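Fit the two chains together into the complex; they arrive one by one in their own frames, and the hints show the way.
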Amino acid sequence: MSIALNRRQLLRGFAGIGGALAAVSTSAEATEEHPAHPVAPADAIAMLFDNTICTGCRACMPACNEANGLPADSLMSGGIWDMPSDLNSKTKNIIKVYEEPGEPGYAFVKKQCMHCLDPACVSGCPFDALKKNEWGAVTWTGSLCIGCRYCEVACPFDVPKFEWDHWNPKVVKCEFCFDQRLTKGQEPACTAVCPTGAVIFGKRTDLLAKAKERIVDSPSKYFEQRVYGEHEAGGTQVLYLSNVAFEKIGLPKLASTSLAHYATKVTSVMYKWLTGPILMAGVLGFAIKHNWDRHEAERSEREKKTGFPDQL
Amino acid sequence: MRTRTPPSRDTAGTTLINHWQRGVPVSHERVFTPTLIFFGVLALIGFTLAFIRFVSPLGPFSGMNDAYAWGIWKTFNVMTLTALGSGPLALGIAAWVFNRQKLHVVMRAALVSGFLFYATGLIALGFDVGRPWNFYSAILPWRWNAESAMLEISICMPLYCALFLSFEILPLVLERFYYTGSEKTRAMLVRVSPYLRRMYPFMIIGAYVIPLMHQSSLGGLLLLAGTKINPLWQSPCMPLLYLLAAGLCGIGFVIFLLLITCFRYSRTLDVGVLIELGNLLSCACLLFLAVRFVDLAWRGQLKLAFSLNRMSYLLFIETALITIPAVVLRFKAPRETPRTLLKMATLACLGGTLYRFIPTTIAFNPARNASYFPSLPEVIMTLGYISLGIVGFGLAVKFFAVLPGDDHNWNHIFQPMGRIAWPTKWHSQWQKDARKPKGETPSLVSQ
Chain Y
0 MSIALNRRQL LRGFAGIGGA LAAVSTSAEA TEEHPAHPVA PADAIAMLFD
50 NTICTGCRAC MPACNEANGL PADSLMSGGI WDMPSDLNSK TKNIIKVYEE
100 PGEPGYAFVK KQCMHCLDPA CVSGCPFDAL KKNEWGAVTW TGSLCIGCRY
150 CEVACPFDVP KFEWDHWNPK VVKCEFCFDQ RLTKGQEPAC TAVCPTGAVI
200 FGKRTDLLAK AKERIVDSPS KYFEQRVYGE HEAGGTQVLY LSNVAFEKIG
250 LPKLASTSLA HYATKVTSVM YKWLTGPILM AGVLGFAIKH NWDRHEAERS
300 EREKKTGFPD QL
Chain Z
0 MRTRTPPSRD TAGTTLINHW QRGVPVSHER VFTPTLIFFG VLALIGFTLA
50 FIRFVSPLGP FSGMNDAYAW GIWKTFNVMT LTALGSGPLA LGIAAWVFNR
100 QKLHVVMRAA LVSGFLFYAT GLIALGFDVG RPWNFYSAIL PWRWNAESAM
150 LEISICMPLY CALFLSFEIL PLVLERFYYT GSEKTRAMLV RVSPYLRRMY
200 PFMIIGAYVI PLMHQSSLGG LLLLAGTKIN PLWQSPCMPL LYLLAAGLCG
250 IGFVIFLLLI TCFRYSRTLD VGVLIELGNL LSCACLLFLA VRFVDLAWRG
300 QLKLAFSLNR MSYLLFIETA LITIPAVVLR FKAPRETPRT LLKMATLACL
350 GGTLYRFIPT TIAFNPARNA SYFPSLPEVI MTLGYISLGI VGFGLAVKFF
400 AVLPGDDHNW NHIFQPMGRI AWPTKWHSQW QKDARKPKGE TPSLVSQ
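Chains Y and Z, in that order, are what the protein sequence lines are. The numbering of the first sequence is numbering that gives the first Met the number 0, which starts it at 0 and goes up by one. The numbering of the second sequence is numbering that gives the first Met the number 0, which starts it at 0 and goes up by one.
Hints were generated in silico from the structure; no laboratory data involved. The structure presented is a predicted model; accordingly, all values stated were derived computationally and were not measured. Be a bit skeptical, because a hint or two may be false.
[What the hints assert, rightly or not] To give an idea of the chain Z side of the interface with chain Y (calculated C-beta under 10 Å), a few residues:
no., residue
1, 148
2, 167
3, 304
[What the hints assert, rightly or not] Some, not all, of what chain Y presents toward chain Z, calculated at C-beta under 8 Å:
no., residue
4, 78
5, 80
6, 144
7, 148
8, 161
9, 168
10, 222
11, 224
12, 263
13, 266
14, 267
15, 284
16, 288
17, 311
[Claimed, not checked] Straight-line distance between alpha carbons at most 16 Å, and here's what the computed EDC-like set of lysine to aspartate or glutamate pairs gives:
no., chain 1, residue 1, chain 2, residue 2
18, Y, 131, Z, 146
19, Y, 130, Z, 146
20, Z, 101, Y, 223
21, Y, 247, Y, 216
22, Y, 264, Y, 246
We treat Cβ as the ideally placed atom computed from N, Cα and C, and that holds for glycine.
Chain Z on its own, in the form it takes in the complex (with noise of 0.2 Å):
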């Protein structure tokens, strides 16, 4: 179903953009609805068992063993969800290097999604490692072994979530204080502003080169487990893949999140932008299948991959996960459909995400008869993780002006953080005060 809605110039008059203007905050829900609070329970309950995990054993805990010493702890909440948390890295390369000024306005839902995707991957990995005591070492650079891809990874992405990434999102916190605080507030916080805006270009440069490294490094990491990976996908290309991988995970993860959020919070849809977006995880998911294969080829495992067994059924549904959203995001009509949209999006997150699973845990074979299969605390664990960075998101875009919305609508209140879970009667007059006028079109993506 085409929606295809006239652009226009918004009030300030910039660029010719649709719907979306500019990041405005979810007013008209009850902070913890049900959902939330499923999630934020999940959350409690992983969180209860990673602390237990902390003061007992690793071994009985999870379903580890010395042939699959990695769990899904590592392999999925670091190795295969930061490539999901890897918008701000695809979609800020876009936007500030390439200078596609649509995706700004979707920057904010991609840098809070990437945070917390961050955040909750490093949560995991701290409560996996074993002797976590010993982790200071990451400060001192002595002890540093500068070839291992795990140092790497163990310190450039802590570096990059706690320093960039949050650097990055502290505009949308201040402009929270900027308009619900008092007067000095206000004057503090323009006094400031100059300051951070002459940061702001360093500090993303740095954004963009630290993802960049430990990205491919998540890769490189596999390089050293040699024969023990299926040859279709053990490659000295699996750095570069592994970014690539994370480009289009990113890229796709963003057009999920907003299509679902804008659908579940009834807001209109920004068809220029989405197309934009569209083209951009078709291009992306085209350079990772040509690396892909021409990579195969190069190596000659071109005859493996059709050799119809188990681990070329695998291959075969990777690459047409990722092969059908490159294809059907070339032609314009379901580039404006957001409900293909959404398909081809969930579909490259899918292969991405497949893309990186697999080397880790279900093409790796080493010598002996092993397996592994995550142990039940080990999975609610990870759900545990997941379900804290929904929450987090939930609570980010009512709080916080994170979803691209239309400009006119807002009066530039937040929701106010006390005295909000339940309804009372101040809350619900204020929700009356904040409610969209009268007469605003529904979401385009229920028709």
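Isolated chain Y (complex conformation) (with noise of 0.2 Å):
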């Protein structure tokens, strides 16, 4: 079978077979940026949220409204105090509380971003406005931002929230005080402000080690003797301790690989360096202007006979 190429033609062929081939050589390379298990750099910072020391005193919320400008979002209290009903675009910490039916006590939660190792709304964000810094925090940049709300969308956790009733909407999340605090030495607002301990700021690696020794102080005190966020969504920058079960206060039941990891295992081998996309140019072009020569000596023919211009 013998295949009549032009010059051109065959060198779209080999671009198209050359384009193949460093898509399978680079594939092993593609998952580098997104690890299925991400590892922390070693100056990662954390905070670790015990929920057994938590008072439920709520300090760090004002705390955090202070230091990051933020209003009091009384709605629900009538103008009085600051009484939001979960993370909003005035409120980029929260403390919750669970209680199980029928048994006394309660069990505090901190929410708030949980700066994961590899995070899915850093990954989709189209212009970079949400970005992970120095030692892990993830900030947003208003200047970038296109109010796509795609990192809404993406986070497993429900965190970032916008500027609904705003015709300048921001973005609003815990950005770990980097800004604010962070970059001038200082520890987060909520960890300083905390007067029990509950939630304490340090190394991602010393934190882990610290949360492994109360476990293993006390292991029946903490559910299934294990630090949420060690491996959730592949990791994530807020440790959580907790005596009740981890879904019960609102922390999502995730597997260990990070959904950035998922979301590019694929289109990070057929877009690199746009390999897919010239080989497909490669594959369809050939054919079309195969198809296309042939249909212009047609044209030419028709239009003699017709006197009109052909219809394209």
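Take a look at the structure:
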């Protein structure tokens, strides 16, 4: 079988094959950016929240508001005090309470951005408005954000909140007090103000070790004898110890691979150096050019016959 | 009811085609019919609301909230309706790559409807983003996050619509200028035409590669949503499935559109082309179903599919809507019957759009107790965008040679753009001149 090829078609064919080979050979590299199980860098910071110590005083909430310049959300309190029902565009950090029906006692939980090791929001943000900074803090930059709200869809912890009722809407979430305090050498406002030490600040490696020590010291106190956030969604920089099931206090059950890894597994290979599109263009172009040339040959005959330009 | 017409050679002596030989404008109709005016008014109301939304916050205006951050503008107008607008992609690849010559004659109708779906979808997107003044980052490559599906869509969709689709539509616009313009215009067009023709194959390569990318990226968007989407839909195959759904919706919608408009404007049908389209639709549906079920089986979700809860019923409905056309159109008789073809195309479009819509809202369950239902302004704006598309198409078929028709009827006269609204003496005289000769067979669909 012989195919009449001209030089351009042959070159295109080679480009396509070369692209395919490149794609196959680089597939191993492709997962470097989003490994299935991300490894925290050595200087990664973290917060450890232990709900067996938290008394629910909520001092962390006004401290956070003050450090971040946020107004009190007093809608539900009739304008009196800060009483948000959930994280929202005025609340970067909230204490929620869980009560087991029929049992005494409460379980408090501090909800804020988990500062994942491989955040889904960062992976999805089209113009890098959400970025993972030094030490691992995930921050939002207003001048880059287009308000597409993909971060809200992507976050497995439902953290980023959009300012729905403002004409210049921001995406509001805990930023580890990065610009406000970390870069000035201070610890985050919530960890600094906590009177009982329920939430503490430190290096991730140190806090993980500390948490595991607490589990070893009193294993029956802690649910499943493990730290939430060690592996969830690939690992987060906010770690939780809880005496009740994590799901009951609103920490979702998640796999240990990062969402960004799942989402970019295939596309990172196909689009590396635009291999996939170029290969596709080569293959399609080969066929289209061939058919087009024949169509053009027929067209000039048609036009001669009818005297009118051919429709395209 | 069978409508088999014997094929014939057309006067130009080319391939054996029935009644559809080239695009012919609809000339025996008033331009502003009551239907068009109705949709025009709806579009006007929708756009008034859209401009109000521009100066008001998104929150009170729409039903969107933090749990359901994407409302029907993104999930319906963009993610779902652009599937119906993938006719140029699906038919174009079939016609230019796989050499299905019969489809060239319906490409124009597919192109205009595809362009309108994309344009209205992009307009909807423009009014949906919360901080549109930062969108100029799209032309600054150093700001791009190359792995984001959202980036890929925000760049490729406007590029495709503004550059490639517009270029493919250019010939039919220029054709009008050729026939209605002065000698100078005609001379200029004759001079420019070879350059356009030389560019054309390269532009259509782009016009097929780019939608392959962004239609699959529309599915890729949902990969990051992870477990928020029910496992019956959440799959690494979603980009491929979204692309296949776009293909089948594109073909289905073109069939639907052609049959409806030919019936409406009393045009004869070309059974040869319809058989081809029906065959393509059936193959596209079968391919989609194959990938869908292999994917479900591979991920071990078949048991969940048969668990008889709300989600599995939804899966059944979506599958049935696509399976029926896939099976029925494998047989020769239904493919030749316009009425059956119309029904099957409608089912396929419904099934494909349902597949694309479900994971974004119905099967989307964020961790909290939250719900979403579009607010009234949101719904009116959505309908407004769609109405704009309908008005656009209604005007396009009358002013340009878009709908396929018989060649010997058309004396290359186009409706004048001015003095068109109300029947004047001049207008009715022109109508008489341009009317088809007596004895013309009525549309076969109505029999």
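Hints, one by one, checked against the model:
1. 148: holds, 7 Å
2. 167: For residue 167(Z), the interface hint holds, since the closest Cβ of chain Y sits about 9 Å away, which is under 10 Å.
3. 304: violated, 21 Å
4. 78: violated, 19 Å
5. 80: violated, 22 Å
6. 144: holds, 5 Å
7. 148: The hint holds - residue 148(Y) has a Cβ within 8 Å of chain Z, the shortest such distance being about 4 Å.
8. 161: OK, holds: residue 161(Y) within 8 Å of chain Z, min 6 Å.
9. 168: Where the cut-off is 8 Å and the nearest Cβ of chain Z is about 4 Å from residue 168(Y), the hint holds.
10. 222: violated, 18 Å
11. 224: violated, 24 Å
12. 263: holds, 5 Å
13. 266: Cβ of residue 266(Y) sits 6 Å from chain Z, so the hint holds.
14. 267: holds, 6 Å
15. 284: Since the shortest Cβ distance to chain Z is 5 Å, the answer is holds.
16. 288: holds, 5 Å
17. 311: holds, 4 Å
18. 131(Y) <-> 146(Z): holds, 15 Å
19. 130(Y) <-> 146(Z): Holds, because 13 Å separates the two Cα atoms, which is no more than 16 Å.
20. 101(Z) <-> 223(Y): The hint is violated at about 66 Å.
21. 247(Y) <-> 216(Y): Violated, because 24 Å separates the two Cα atoms, which is more than 16 Å.
22. 264(Y) <-> 246(Y): violated, 28 Å
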